[in-house]
Amino acid sequence: MKININNLNVKFPENRKVLNNISFDIKTNENILIIGPSGSGKTTLLNVISGIIPNQIDATVNGNIDVGGIDPIRMQSELTERIGIIFQNPEDMFATLKVEDEIAFSLENRLFDKDLARSRIMDKAGKLELRDKLDRDINSLSGGEKQKLAIACIEAMEPELLLLDEPTALLDPNMTKDFFAYLHKSKRQFLIVEHKIDNIIDIIDKVLLLDEKGSIIDYDKPSNIFNKCGKTRYFKPKIFNLSCLISKKYNFKTTIKKSDIREFLIMNRNILKITPYERNEKEEKIAVKIRDLYFNFDKKEFKYGNLNIYQGTIHSILGNNGSGKTTLLNLISGFLCNYKGLIEIFDKDVKDYKKTELYNILGYVFQNPEMQFFNYTVWDEIDFSKKYIEGEIGSIGDLINKFYLNDVLSNSPFNISTGEKRRLSVLLMTFYKQRILLLDEPTFGQDRETSIETMNLLKRLKNEGITIIIATHDIDNAIDNSDYITIISDKGELKTYDIGNIYQSSFIKNYSDPLYDLLKDINRETGCMCNMITLKQWERALCGD
Amino acid sequence: MRRLNKFLSDINPSVKFFSVFVYILLLVISMNKNFIITLFIISFLFFIISVSNNKRYIIPISITVIIFSLTIFIMNFVFYKAGRGIFAIAYIKGTKAGFDRGIILGLRSASIILFSVSYLFTTPPFRFIESLMQNLKLPKLIGYALLIALREVHQFRNNFRNTRNALLIRKNGHQIVMIDYMKLIIPLFACIIRKGERSAIALELRGIMIHKNKMFYNDFSVKHKDILFLLISLCFLCIIFCFFTFK
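Line by line, the protein sequences are chains A and B. Under my numbering, the first residue of the first sequence is numbered 2, with each subsequent residue one higher. Under my numbering, the first residue of the second sequence is numbered 36, with each subsequent residue one higher.
Check each hint, because a few of them may be wrong.
[As the list claims (entries may be wrong)] The calculated lysine-lysine pairs, modelled on BS3-like cross-linking and capped at a C-alpha distance of 25 Å, are:
hint, chain 1, residue 1, chain 2, residue 2
1, B, Lys260, A, Lys301
2, A, Lys356, A, Lys341
3, A, Lys115, B, Lys90
4, A, Lys521, A, Lys537
5, B, Lys258, A, Lys99
6, A, Lys12, B, Lys230
7, A, Lys99, B, Lys128
8, A, Lys239, A, Lys222
9, A, Lys134, B, Lys41
10, B, Lys247, A, Lys99
11, A, Lys229, A, Lys28
12, A, Lys355, A, Lys290
13, A, Lys387, B, Lys218
14, B, Lys218, A, Lys115
15, B, Lys249, A, Lys115
16, B, Lys218, A, Lys355
17, A, Lys259, A, Lys239
18, A, Lys434, A, Lys197
19, A, Lys492, A, Lys341
20, A, Lys434, B, Lys249
21, A, Lys300, B, Lys90
22, A, Lys274, A, Lys286
23, A, Lys355, A, Lys286
24, A, Lys115, B, Lys230
25, A, Lys197, A, Lys239
26, A, Lys356, B, Lys249
27, A, Lys99, B, Lys230
28, A, Lys99, B, Lys249
29, B, Lys260, A, Lys115
Derived by calculation from the structure, the hints in this document are not laboratory data.
Assemble the whole structure, with the sequences as input and the hints as a guide.
In structure tokens:
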């Protein structure tokens with residue numbers, strides 16, 4: 002499907018301009034990746050192309066938009082027959098309660114013949130491995146299965162074009178890989194907004210790069226886009242960043258081709274230096290001690306076993322979707338009590354703490370920060386927490402400065418940026434000088450810049466002596482910033498590693514990532530025993546500390 | 036028992052709803068003790084058949100129904116003053132009329148609960164909504180809004196638990212009092228409004244408004260056995276109603 006967009010400007014009713022003079026063309030069967038910082042209008046652009054803006058979401062749209070010969074603003078219903086859209090959270094698009102009914106829904110609306118609908122459902126369910134789940138309740142599916150169902154629903158309509166808005170945000174790395182593999186196999190044209198660009202770089206034709214004001218910085222082939230420096234700093238794929246690292250020190254041309262890098266590194270195997278991980282030898286006191294922990298929840302058993310979390314460290318918890326990461330945080334924080342075994346915080350059983358005592362030393366930042374906002378402005382939120390202070394705290398002004406929230410004090414906490422929401426939620430949870438901070442997916446749905454900002458904030462808190470416990474899917478952030486990593490198996494068993502020996506875990510061994518896959522190739526070819534996953538680790542191996 | 040349960044489960048939800056509605060309507064308008072006792076026995080039989088696949092619910096539901104009906108019976112027996120007294124303790128006096136009234140109202144409420152529970156156990160709510168859309172022409176936008184709301188009950192429970200925990204932790208562990216629950220409305224409403232907005236957009240994008248009509252993948256048309264069920268149950272009801280009312 003051809004798309005032509007000329008001089009597109011989008012302004013929301015509060016006079017906020019989101020897209021600024023956008024012009025670009027997409028040829029038939031071209032797959033486009035849209036990237037840019039938070040608030041650059043990526044989702045707005047998808048919404049304009051699908052006609053959601055201004056038909057369902059009010060906004061002023063100026064400019065010419067032609068999507069396959071249709072103006073989506075005036076003829077959205079014609080367009081819905083030809084495009085399919087998948088949201089960040091698949092649950093948002095479900096209208097029924099059963100898997101089969103859900104796939105049938107779009108076909109029912111298009112007045113399909115019942116037999117044809119049944120064969121289409123069987124075909125798509127088969128391709129997405131959902132055939133044995135057709136009579137299941139949607140609520141009983143895992144996150145990955147729900148995303149597969151969302152694809153099956155859209156695929157059943159056989160649209161010409163797919164619009165994908167961060168479709169893998171809720172998926173673990175393995176499910177993300179499966180998702181993109183399916184997308185590649187389906188051979189359907191797509192426009193995608195995605196932060197995990199490493200997984201998709203091989204299957205896109207062009208990249209549309211937006212700036213924070215909603216203007217196009219560049220629109221070109223991936224190799225050309227990433228070769229240009231400057232503002233693309235945070236949006237380069239890891240494989241390209243690695244080629245930049247190599248080219249800085251050696252005679253090597255930057256590229257996004259994994260094969261070129263692989264060949265160069267195999268030829269020059271000596272440039273990779275194994276820098277041993279320096280273990281923190283200082284005496285560490287235990288902040289959280291878990292022994293023989295067993296929990297049964299929603300007909301699912303978690304045999305957690307034992308875990309030590311040391312004071313003043315960042316301790317990440319990794320695992321697949323549904324392995325029980327959030328449940329473990331809920332157990333430590335005392336929200337769930339009917340468990341077997343022992344959980345001690347600073348040598349005292351969690352069950353023996355009074356709630357006021359416990360939450361004086363322990364803070365919890367939820368995956369969705371909005372869940373912990375109860376007031377109309379950011380200042381009211383801070384004021385609300387002040388009421389419950391028992392001891393002395395420092396100047397509120399200093400605290401607000403520390404979290405860079407001065408400019409949004411009079412705004413609603415629901416209308417500030419994702420990064421600001423995250424910072425506010427962390428501020429509110431460190432208000433009483435809590436000594437342990439639990440965070441559920443703190444980098445979820447954030448671009449790389451905001452993720453780095455959040456992790457830097459957590460490192461600062463760690464340096465102040467706060468113990469940080471993070472449940473996450475973000476393996477790179479976990480490895481770069483944690484002192485210890487605990488892997489939860491699908492049965493809920495815990496195994497803790499320091500960064501030096503994390504590579505022994507089967508979870509990491511099976512982890513698919515462009516840099517790690519490249520390293521495995523090189524190790525196999527050269528007999529090296531290098532272990533690097535993140536760009537930082539590669540940098541250390543290539544350039545030394 | 037399982038066969039009867041399957042038979043009841045297979046009846047068209049709208050037809051079943053109509054017959055239960057008529058039974059309840061007659062229960063409400065009749066004050067004939069024998070008629071109500073007969074319908075109570077029927078409702079109890081229906082209840083036993085309906086929960087035969089979920090036997091663990093029999094005792095808790097029965098206890099709840101007994102407590103509820105007994106309360107209504109005692110209130111009427113003790114506080115209804117008209118008529119001949121049949122017992123007196125201190126200032127509490129029970130009358131024959133009060134006793135009859137208590138029996139009628141107690142069994143009537145028990146029967147209404149048992150019929151309703153039987154219906155719920157043999158008809159998943161989403162099938163009922165789908166059947167309303169097909170058989171009673173419930174507008175599809177309302178039907179799907181109800182289905183989404185039904186699915187969101189589960190999610191709402193999780194959100195409520197999370198916001199409650201978040202408030203507890205924001206209050207530094209101080210007990211959550213009644214007035215604090217008003218605070219939960221803000222994040223919960225924010226979630227519901229956003230969810231509603233996104234769901235409405237998704238429904239439109241998936242073509243709910245493309246055509247006025249709609250093909251229904253699950254067939255809930257009224258079949259011969261549904262008509263037979265309706266006729267038999269209504270005839271039976273008419274016969275016992277007339278027998279007890281006009282004899």
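Results for each hint:
1. A C-alpha spacing of about 41 Å is found between B/Lys260 and A/Lys301, which places the hinted pair above 25 Å, so the restraint is violated.
2. The straight-line distance between the Cα atoms of A/Lys356 and A/Lys341 is roughly 20 Å, inside the 25 Å bound, and the hint therefore holds.
3. The straight-line distance between the Cα atoms of A/Lys115 and B/Lys90 is roughly 37 Å, outside the 25 Å bound, and the hint therefore fails.
4. Between A/Lys521 and A/Lys537 the alpha-carbon distance is near 17 Å, which keeps this suggested pair within the 25 Å criterion.
5. A C-alpha spacing of about 24 Å is found between B/Lys258 and A/Lys99, which places the hinted pair at or below 25 Å, so the restraint holds.
6. For the hint pairing A/Lys12 with B/Lys230, the CA-to-CA distance comes to about 23 Å; that is within 25 Å, so the pair holds.
7. For the hint linking A/Lys99 to B/Lys128, the alpha-carbon distance of about 56 Å lies beyond 25 Å, and the restraint is violated.
8. A hinted pair counts as satisfied when its Cα atoms are at most 25 Å apart, and A/Lys239 with A/Lys222 qualifies at roughly 17 Å.
9. Using a Cα cut-off of 25 Å, the hinted pair A/Lys134 and B/Lys41 holds, with the two alpha carbons roughly 22 Å apart.
10. Restraint check for B/Lys247 and A/Lys99: satisfied, since their Cα atoms lie roughly 24 Å apart, inside the 25 Å limit.
11. Taking the CA atoms of A/Lys229 and A/Lys28, the gap is near 23 Å; set against the 25 Å cutoff, the hint holds.
12. With a C-alpha separation of about 18 Å, the suggested pairing of A/Lys355 with A/Lys290 holds against the 25 Å cut-off.
13. Restraint check for A/Lys387 and B/Lys218: satisfied, since their Cα atoms lie roughly 16 Å apart, inside the 25 Å limit.
14. Of the pairs offered as hints, the one joining B/Lys218 and A/Lys115 is violated, with about 48 Å between alpha carbons and a cut-off of 25 Å exceeded.
15. Under the criterion of a C-alpha separation no larger than 25 Å, the hint pairing B/Lys249 with A/Lys115 is consistent with the structure, at around 11 Å.
16. Annotation: proposed proximity of B/Lys218 to A/Lys355 holds, straight-line Cα distance about 23 Å (limit 25 Å).
17. Under the criterion of a C-alpha separation no larger than 25 Å, the hint pairing A/Lys259 with A/Lys239 is consistent with the structure, at around 10 Å.
18. Our distance criterion of 25 Å between C-alpha atoms is broken by A/Lys434 and A/Lys197, whose separation comes to about 34 Å.
19. Pair hint A/Lys492 plus A/Lys341 holds up; C-alpha atoms about 16 Å apart against a cutoff of 25 Å.
20. Under the criterion of a C-alpha separation no larger than 25 Å, the hint pairing A/Lys434 with B/Lys249 is inconsistent with the structure, at around 59 Å.
21. A C-alpha spacing of about 19 Å is found between A/Lys300 and B/Lys90, which places the hinted pair at or below 25 Å, so the restraint holds.
22. The hinted pair formed by A/Lys274 and A/Lys286 fails the criterion: a straight-line CA distance of about 33 Å is larger than 25 Å.
23. Proposed proximity of A/Lys355 and A/Lys286 is supported: the alpha carbons are some 23 Å apart, at most 25 Å.
24. At roughly 31 Å between alpha-carbon atoms, A/Lys115 and B/Lys230 are farther apart than 25 Å, so this suggested pair is violated.
25. Between A/Lys197 and A/Lys239 the CA atoms are separated by roughly 10 Å; this keeps the pair inside 25 Å, and the hint holds.
26. With a C-alpha separation of about 54 Å, the suggested pairing of A/Lys356 with B/Lys249 is violated against the 25 Å cut-off.
27. Taking the CA atoms of A/Lys99 and B/Lys230, the gap is about 19 Å. The hint holds against a cut of 25 Å.
28. Pair hint A/Lys99 plus B/Lys249 holds up; C-alpha atoms about 18 Å apart against a cutoff of 25 Å.
29. The suggested pairing of B/Lys260 with A/Lys115 holds, with an alpha-carbon distance near 23 Å, which does not exceed 25 Å.
In the structure shown, a violation is registered for the earlier hints numbered 1, 3, 7, 14, 18, 20, 22, 24 and 26, in ascending order.
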